[in-house]
Amino acid sequence: MASSVTARGTHSANKTSGSTRGGSGARVGAGTRIRGRISGSGDLTIDGNVEGDVNVSGDLTVGEHGSVRGDAVEAESITVAGTLEAEGQVTGQLRVLVGSHVRCNVKGSISIDEGAEFAGRIDADFDLPPELEGHSSSARAGTSRRS
Amino acid sequence: MASTVIGAGITIDGEITTDEDVVVEGTIRGKLTAKESITIEAGAVVEADVVSGPLTVAGSLTGNITSSDRVDLQGGAKVIGNVKATRITIADGAQFKGNVDMDV
Amino acid sequence: MANDVAVLGRSTHVRGRITGAASVEIAGRVDGEVDITGDVVIETTGLIGANVSGRRVVVRGAVKGDLTGTESITLEDGAKVVGDVRAPRIAISQGALLRGFVQTAGGGNAPRAKAHSTSAARPAIPAARTSAAQLDQKRSHAEKPAAKSAPAKIAAKPATKAHKAPPPPVVHALKKGAKATRRVGVLAGGKH
Chain P
1 MASSVTARGT HSANKTSGST RGGSGARVGA GTRIRGRISG SGDLTIDGNV
51 EGDVNVSGDL TVGEHGSVRG DAVEAESITV AGTLEAEGQV TGQLRVLVGS
101 HVRCNVKGSI SIDEGAEFAG RIDADFDLPP ELEGHSSSAR AGTSRRS
Chain D
1001 MASTVIGAGI TIDGEITTDE DVVVEGTIRG KLTAKESITI EAGAVVEADV
1051 VSGPLTVAGS LTGNITSSDR VDLQGGAKVI GNVKATRITI ADGAQFKGNV
1101 DMDV
Chain C
2001 MANDVAVLGR STHVRGRITG AASVEIAGRV DGEVDITGDV VIETTGLIGA
2051 NVSGRRVVVR GAVKGDLTGT ESITLEDGAK VVGDVRAPRI AISQGALLRG
2101 FVQTAGGGNA PRAKAHSTSA ARPAIPAART SAAQLDQKRS HAEKPAAKSA
2151 PAKIAAKPAT KAHKAPPPPV VHALKKGAKA TRRVGVLAGG KH
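Chains as they are written, first to last, in the numbering used here: chain P, 1 to 147; chain D, 1001 to 1104; chain C, 2001 to 2192.
Each hint should be verified, as a subset may be incorrect.
[As the list claims (entries may be wrong)] Derived contacts from chain D toward chain C, CB cut-off under 8 Å, selection only:
| hint | residue |
| --- | --- |
| 1 | ILE1010 |
| 2 | GLY1026 |
| 3 | ALA1094 |
[What the hints assert, rightly or not] A short list of chain C residues far from chain D (calculated; beta carbon distances all over 10 Å):
| hint | residue |
| --- | --- |
| 4 | THR2012 |
| 5 | HIS2013 |
| 6 | THR2019 |
| 7 | ARG2055 |
| 8 | ASP2077 |
| 9 | ARG2089 |
| 10 | GLN2094 |
| 11 | GLY2108 |
Think of the hints as simulated: they come from the structure by calculation, not from any bench.
Don't be surprised by glycine CBs; every beta carbon is placed ideally from N, CA and C.
Work out the full structure, taking the sequences as your base and the hints as a guide.
Okay, here's the thing in structure tokens:
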């Protein structure tokens, strides 16, 4: 699969090149630091450090030693073995692996391995069984509070 | 085995309703309503009105009993309350204070 | 014989509080707080309409209320939870559905962006008043020696300062206050 990922902003690589085009998508190698926004189609693997928003159409993987610190992060699926900190919203199917550190608010589904460090709000779209839905109006208001 | 067991060490303050057999080994305060049998084991403390099928009491029960079947107060049971049932047995060693109303 | 586990079967409905040191398995419905020092398992048919706390809490059913685990919380496939989830260790399976805040040990503070909008929908006055009162107290403590000379003047000063307090601490207090009011709401609902 062809993928193109562009990074805008300051970009300093000491060893590896910032993004390598490959069959399985782009990669921000270990030892690479990117400050700025990353967007593109296809998959992206981050083993380096990214400070800024990330938006890719495919799967985003943050490797064990990789980190992403930004505001908004969006991808089809996001798998984190390293660090992900987003002040804004993370959109996509998020997998938080053991040993990772994730701080973000998530719109969509999530799985967290026991032993991962996580803090944030999760907002999945679903209905409780009717027995619980009609139970208290205050919590129902909480359900539709999201904007 | 009964499908609802209130184990020793558990306290329920409130109302319990069930279609299943109930075994109580812990503490219940409030109301207990079961379609099937209720067994109040030795050591259990029930401060509740009880509505049930067959009822067996070996523990302590304070409250009125309404059973669609028989009530069996076993040795060591301590029951304070009125009993309405089709049949009642009070074993030697059971303590009981209250009225008995049997549909004859 | 004494069982150290309580089992609430599928057709069992408890309206009230469940407390104790044993473990519980709930396959029925509980409209009331579950506060157990042992383990809590909420089976696929389990429906809980209030807060649940235990040592290890496993959810396969539905909960509307906050979950607290002193050791761990596991949301398994099929779990539906609307409420906050807090434990040192938390596992959420793919297929578990959640709307709420999640916090593990080492997770740090929640991102502020969303917390801000969350609290905006909640009553602001009581919490703001609390933080203002706290500031008043702190300041009047600090300025006590000065207060002796001109009590009336000093008393008025911290009050205006408190009103001008920068947003971050107020937002922080808001969260706490809002939380408390919501808890009360859920509990009151459970008693009906």
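Hint-by-hint comparison with the structure:
no.: 1; hint: ILE1010; in the structure: holds (4 Å)
no.: 2; hint: GLY1026; in the structure: holds (6 Å)
no.: 3; hint: ALA1094; in the structure: violated (20 Å)
no.: 4; hint: THR2012; in the structure: violated (4 Å)
no.: 5; hint: HIS2013; in the structure: violated (5 Å)
no.: 6; hint: THR2019; in the structure: violated (5 Å)
no.: 7; hint: ARG2055; in the structure: holds (13 Å)
no.: 8; hint: ASP2077; in the structure: holds (24 Å)
no.: 9; hint: ARG2089; in the structure: holds (24 Å)
no.: 10; hint: GLN2094; in the structure: holds (30 Å)
no.: 11; hint: GLY2108; in the structure: holds (36 Å)
Figure legend: structure checked against the earlier numbered hints; hints not met, in rising order: 3, 4, 5 and 6.
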